[in-house]
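Number of protein chains: 2
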Amino acid sequence: MLSPVTPELERRLRAALPEAAFRDLAPAYLEEPRGRYTGQGGLLIAPETTDQVAATVRACAEARVGIVPYGGGTGLVGGQIMPDGPAPVILSLERMRKLRAVYPSENVLVAEAGAILADVQAAADAADRLFPLSLASEGSARIGGLLATNAGGVNVLRYGNARDLCLGIEAVLPDGSVLNGLKRLRKDNTGYDLRHLLIGAEGTLGIITAAALKLSPRPAQTGAALFAVPGPEAALDLLAMTGARIGDGVSAFELMHRTGLDFLAETLPDIRRPFDDPPDWMVLIDLGLGVAQDPAEALEGLFVEAHAAGLAPDGLIAQSQAQRAEFWTVRESIPLANRRIGAISSHDISVPLSAIPAFIARGGPALAEIGDFRINCFGHLGDGNLHYNVFPQPGKTRADYEHLRPAIKTCIYDLVHGMGGSVSAEHGVGRLKVDDLERYGDPAKLAAMRAIKAALDPVGIMNPGAVLRASG
Amino acid sequence: MLSPVTPELERRLRAALPEAAFRDLAPAYLEEPRGRYTGQGGLLIAPETTDQVAATVRACAEARVGIVPYGGGTGLVGGQIMPDGPAPVILSLERMRKLRAVYPSENVLVAEAGAILADVQAAADAADRLFPLSLASEGSARIGGLLATNAGGVNVLRYGNARDLCLGIEAVLPDGSVLNGLKRLRKDNTGYDLRHLLIGAEGTLGIITAAALKLSPRPAQTGAALFAVPGPEAALDLLAMTGARIGDGVSAFELMHRTGLDFLAETLPDIRRPFDDPPDWMVLIDLGLGVAQDPAEALEGLFVEAHAAGLAPDGLIAQSQAQRAEFWTVRESIPLANRRIGAISSHDISVPLSAIPAFIARGGPALAEIGDFRINCFGHLGDGNLHYNVFPQPGKTRADYEHLRPAIKTCIYDLVHGMGGSVSAEHGVGRLKVDDLERYGDPAKLAAMRAIKAALDPVGIMNPGAVLRASG
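Top line first, the protein sequences correspond to chains Z and B. Position one of the first sequence corresponds to residue 1 (the UniProt record's numbering), numbered consecutively onward. Position one of the second sequence corresponds to residue 1 (the UniProt record's numbering), numbered consecutively onward.
Chain Z on its own, in the form it takes in the complex:
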């Protein structure tokens, strides 16, 4: 059984930590982007060093008080918010944002967990390197949270998920011991891979305090295009054609539906529309190439072949970096437009690549049997990862459909699960999908997860109720 934060614990923490570690528990720490949860916390601690994190964890472990690790607060599944249970310590990494070292010749950067993604990208850039993790919230998301949730984003196709961009981690385990795993090695087969266990565990097995991140050479030239496609099947064929022609140079391949552009026009009218009359389906292709290849030329060659094959009735190739940025603004603004419209139910799903057309073809009619919705389907086609979000018809609100939410979710998740897909492709489980994990997860996997959680965190202090139901 966990205990709430007590005056005695606070006294102990004040004796162990400098005054600066104690911050006001502002309301922002108890909110999350989609407004589905309201948190509670007994105390906000923002340590400045790994030792201070360890001291905090040790004190909480002895007092049996829960800890909610807090990064940039951008998570979409409530992993950073504890709405019920005994009031926890909220441990924010916001003061641990040092970039400890950059090793350009090794393509490695060592960052503390509180470093903001955009700052890491900028530091890599200053060293003439690329840190390829990129997503809409990069201006506020922090490295620790990005690793704890194994964040995805737009460059996974080429560079992998957050876990693929991490060579080593330093972390504080639930007993307060410090895992010193900040190795800068490409190969290290010395025992169980705890790095990969903590990455994606959403703070339930320990708190990542620093990471050795993998940088890449910065592509010499970049370019982008928006191609209209006849439909998802054609988009997949175009993906294959793009890979065959351009190979490893394809950094992103994003699918968008006209609904997304309509939402933008409705809620963010200042954003320039790339097509006067948007097609039903389109893809955003981004390239990063070496010195010898011209991206615009590569995209023109691709368009000619795709057009001839009936895969691209229309297309726009960015003629400047400004135009490339415009294309990306469209893509990256869709989540905000969605939030302004107000989704009834959002689904971050993945299916095997070849199942995407069937999923899209079956999703719409299945939902139509439940009610009359608008669907905005967009996402990382190259990764088989779609954001399949369901909205009210114009003139109605989310509240009008609230009673249909469970049926919508079950409809989509059953379909995804039946196709061998995932009900959380990149956002994680948090608290939002604990039930879904129980419903769709492999029983042997769940049993092993519970055994590992009990072994490493027997009292259950680390992010109680996230990923796995809180015990006791």
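Do not take every clue at face value.
Chain copies aren't distinguished; within one or between two, either way the pair holds.
[As the list claims (entries may be wrong)] Here are the simulated SDA-like pairs of lysine to any residue, each with C-alpha atoms no more than 25 Å apart in a straight line:
hint : residue 1 : residue 2
1    : K98       : A444
2    : K409      : G371
3    : K98       : S354
4    : K409      : N180
5    : K409      : P443
6    : K98       : A355
7    : K98       : R14
Note that these hints are calculated values from the structure, not bench results.
Go by the hints and put chain B onto chain Z.
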């Protein structure tokens, strides 16, 4: 406490499994390539299905009998050999070698654990794809063992280690339950990543029975070159120059020393020597490029620049696939030549890339204080992974130096550890390096590993004594 195989267990297994699952325990199952261990086993079981593996594990768990999972038997650290303790069941995956499915449009192949690497490579090739895992033992190593040990090899620089080439696994856990994790997804954030935990656990947390493997597009054109380099520092500079010029197209970047070529001349005289008078240091560069780039031209351009910069006094560029194969034969035959010479002590180490020249510069003099040896240093420079092997002087044998082995090993491992390196870069821990892991491993990591092992395998039946000391 474990029990040896009993007649009762054998009766139970014979009732549960078909006759074909029982094979003769031939001596080959009790030997390993370097001849350091002799195994023992009570029974050899070769199941044909995952259910049969599960039935075997359940019976052994109830009887508290150890299981040694057996793949191709090519491991170099004794992970497949149990020299002491109660006689275990040896569970060979040799009859589970089906390739269950190939999905070319998804770049995925699903193979059973007993599939031989060369067969998987060939199946990928037949689908016009590449399965990039490649190492000297690929004609006998099996997928299950390659994943259990997170095998490396020559293409890690471009494509990653075995774990990076696996999207999902099916495995039998120590309680006999089946983990159904054969997902073909690029993104799946639904709970702890048990795939990465089992990969590299060397059969101590469960038995991998099948895997969804990641294929790559087959490079349109390949090429190779051997460049003489003035030394390790220049080799690193050449690696950076190669990356800057050729980018993602660099598939392998292997360092070799003249000693390796001398060993080849001495023990395998039929292998053609690429240089009449081999330089002290040389690198083998392998490229896989798209249709638009000519590998020989790219290598010639590289040579001109490298030569002008003093990084490549001499060089050979393969003028045909036959010549490329000759270069690779040289590289891939070095381990066999080493075995024929007979190493006193072999070290599969990695250090941060920028520390390689210092490691090599300091290793020789440090060893010279212990005795008079020949050193063959070669390996995967691009990964910071060297095979640093110590040999007798001509006319002497390994036995003459046996008493110096512990001092040699400590000397090298202390040096590596002090540089933030790994004492097992790609071969794993097995039984050979259990002591080393205890000596050099992070204490918090070891404690967490032991807790996880106890949680998932409380009786300790899975590969007892590998990676972690056997309990009891």
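> Checking against the hints above, which ones are violated?
Replying inline: none
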